[in-house]
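For the record, the sequence lines run as chains E and A.
When we follow the working numbering, the leftmost residue of the first sequence carries the number 1, and every step to the right adds one.
When we follow the working numbering, the leftmost residue of the second sequence carries the number 371, and every step to the right adds one.
If you're looking for bench data, these hints aren't it; they were derived computationally from the structure.
Check before you lean on any hint, since a few could be wrong.
Calculated cross-link-like contacts (lysine-lysine; reagent style BS3-like; alpha-carbon spacing at most 30 Å) [as the list claims (entries may be wrong)]:
#1 A:418 with E:12
#2 A:418 with E:102
#3 E:105 with A:418
#4 A:418 with E:79
#5 A:418 with E:311
#6 E:76 with A:378
#7 E:4 with E:86
#8 E:13 with A:378
Take a look at the letters that make up each chain.
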Amino acid sequence: MSDKIILCIGTKKGLFVAESSRNRRGFTLRGPFGQGVGVYSALIDTRGTPRLYASSCNPFFGMKVLRSTDLGRTFKETKAAPAFPKEDGRALANIWALEAGKDKKELLCGVEPASLFRSRDGGDSWEIIPGISNHEHARKWQPGNGGLCMHTILRDGNRVHLGISTGGHYLSEDGGETFTAANKGVGAGFTPDPFPEFGQCVHKIAGHKDAPGRLYMQNHGGWAEWDGPGGRRPDIGVLRSDDHGKTWHSIAKGLPSDFGFPIVVHPDNPDILYVMPLEPATRTCPGGVPAVWRSENGGGSWQKLMRGLPKKASFYTVLRDAMDIDELKSPALYFGTTTGQLWIGRDGGEKWECLFDALPPIHCVKAAVV
Amino acid sequence: MSPVAENKAITVSVPTPLRDCCSGAAELSLLAASPRAMLDELEQRHPKLHRSICDETGAVRRHINIFVNTQHMRERDGLDTQLAAGDVITIMTAVSGG
Chain E
1 MSDKIILCIG
11 TKKGLFVAES
21 SRNRRGFTLR
31 GPFGQGVGVY
41 SALIDTRGTP
51 RLYASSCNPF
61 FGMKVLRSTD
71 LGRTFKETKA
81 APAFPKEDGR
91 ALANIWALEA
101 GKDKKELLCG
111 VEPASLFRSR
121 DGGDSWEIIP
131 GISNHEHARK
141 WQPGNGGLCM
151 HTILRDGNRV
161 HLGISTGGHY
171 LSEDGGETFT
181 AANKGVGAGF
191 TPDPFPEFGQ
201 CVHKIAGHKD
211 APGRLYMQNH
221 GGWAEWDGPG
231 GRRPDIGVLR
241 SDDHGKTWHS
251 IAKGLPSDFG
261 FPIVVHPDNP
271 DILYVMPLEP
281 ATRTCPGGVP
291 AVWRSENGGG
301 SWQKLMRGLP
311 KKASFYTVLR
321 DAMDIDELKS
331 PALYFGTTTG
341 QLWIGRDGGE
351 KWECLFDALP
361 PIHCVKAAVV
Chain A
371 MSPVAENKAI
381 TVSVPTPLRD
391 CCSGAAELSL
401 LAASPRAMLD
411 ELEQRHPKLH
421 RSICDETGAV
431 RRHINIFVNT
441 QHMRERDGLD
451 TQLAAGDVIT
461 IMTAVSGG
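Chain A with its partners taken away, still in its complex shape (with noise of 0.2 Å):
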């Protein structure tokens, strides 16, 4: 059986147009062990937010793109990359448009 993951003290950081779902806050800071459990608490802390972030199934929309500091998680486990105190949640749109 594999040790629960610890919550780090971590940042996310909100891009512009979302911020108005949080209070205009451009900075939230969390504990969560990984993007997984970050995104479960905004859903509770935060639920427009993660409704932007998120379809109604969880899955994150396919135009949003998370980072973990500078690295996209999909480059490390995804949902699941294990997060260290002091890491910082980037969300960002990804580029597209016409």
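Okay, chain E solo, but in the shape it has when bound (with noise of 0.2 Å):
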């Protein structure tokens, strides 16, 4: 039986790991790996010996990836970084996804500039997927605030989903050979075009194994007042699919504010969902008190998680993958803070309580039962 839950914890001065028994009584922290350098990506590979990957976005000497076999006891660079081929032109700037691939020593990477990596052999090697790379649009995309980003790869046996900010939302429907825009229904409040065909500052997606058409996503909102060309585009946020990503909708009525980075959604029904809704103009907590909203009827109703969160002056942000559940009977809600606190929600998020309070500003969380 598994005993351990391991958390990997992706902050601005490098990569902290968190392991605790079952019972999540206490947390030991291990740390920093990869010093002083941001992580903004990490995966806990759990097929077959666990394997823990983190990017590692030196500002002087370029992209790294660390892997650890030993539960993030140590960690080591893999032999090379996704690297574009040099006629390319393009530079890679930072990591934003690892995800685990196909076949076992086979891994995904999101990069910036959006494009798609895979590494056949656990990280040592790496060539670019040119379905998604190359595709058309891509020169089209453009940087949000956080630079032009590949953030979410979603797998689902011969599809793969796509989140890229600013791009959208990508489809691949033949193992990631190909891939197609699709995005109806997804909004962008910063175009005439209020639903344009590719080019919304997608935050994050979210989806299920046991629901596989069903997708989750936290798009760009906060848009509601803009009264330009185009018109009021509110309730574009938080959207759901239920036709593998061909179409979306608004499930953002009843959430204090559309606007998020975060979308988790429960490990055993694909109906309950967690957001961290933030006020659109600072990117922080509404009013400057924290909370996780959960819908447990796929977002037709939202209800406020906060016992055990500060009531009041705290002006975080939670980043797009800084927010994680974990795989156990009743699963444990993690989210760290661009504050450095790192807190977990136990039973599905009903009761808060700080694990870590004085950590480098928080990129990610990822959380895993091993």
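Fit the two chains together into the complex; they arrive one by one in their own frames, and the hints show the way.
Right under this line is the structure:
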């Protein structure tokens, strides 16, 4: 039986690994690994002997991929990081997504500028996936505030879903050979056309293995007051699809803000999902009062979860990859803040507790039972 | 037609964080006529070190400075600065952080 919870916490100053027994009573902290260097993505690969991966975004020496085969006690650089072919003209600026691929040692990696890479040997060598990296839209995508990043990779059999900011949602139905923009119903508040074919600022997409047609998206909302060309665009921030991402509709009604970054689905129930609404102007908790919001009916209605969270003066941001959920029977949520706090929401977010309160600003949090 | 610059015996000083990319060496002895030729040589002999100094387009990374003896190469002819025998090329990170 699995007996440990592992958290990978990517921060502005390196990667931390927290570990607990299944009861989650106390977490020990290791790190930072890749000291002093920003970590924007991590993967706990539980296929076979668990391996931990993290990107290391070195402003001096470029991108590295870190790998651990001892549950995060030590990390070593892999032999290579993704790199564009020399004649391509693009240079790797960051690594935003690391995901398990189809075969045991296969990894997929979403990067900035938005492109997709594959490794077939656990991260020691990489090849570019041209179907999306050289897509006819690729040179038309624009960077958002975080950069032109491919941040979401979701696999579902032969389907691959990608989230790009700002590029939108792209779908492959042939195992990643070719991709098409699939953004019907996904709004954009920063172009005259409220529903363009592509170019949306998708923040994160989440799915569930037992409901493969169902997807949830946290899109860049916060455009209800816009009164210029194209008109108002309320509630374009939180969306649902029931046809593998081909069409999307809003499920934002009932939330205090449709702006946010992460979106997370319950491991056992595809109708239960979580978002963290933020004020669009400041990208911080509304009124300085943080809360995670949960829907138990696929976005039909929402409940506020804030027991144990601060009641005032908390103006932090939770970034797109900084919330996750473990897979125990009564799962716990975890989120990390730009002020360096790591929170655990026990019983599916019913009761919150701060595990670590003075880490560097947190970019990503990944949880797994190993 | 300009004459081909002759390679000179130079020394490259490697910063501590990059020494793992060249078997721990603090200094490398090379033959090169310019910093550009020095980087080409590094790409052949120590590709991981080269990738840490230059991105995949071949451009020197934004926060890396290359000095020829005590002068930044940009104060001379940049990557095409003509090197003399005995020159020391120092690779340093820019001052930055936060």
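Going down the list of hints, with the structure as the test:
no., hint, result
1, A:418 with E:12, "holds (24 Å)"
2, A:418 with E:102, "holds (28 Å)"
3, E:105 with A:418, "holds (23 Å)"
4, A:418 with E:79, "holds (9 Å)"
5, A:418 with E:311, "violated (50 Å)"
6, E:76 with A:378, "violated (36 Å)"
7, E:4 with E:86, "violated (43 Å)"
8, E:13 with A:378, "violated (41 Å)"
When held up to the earlier numbered hints, the structure conflicts with 5, 6, 7, 8 and fits the remainder.
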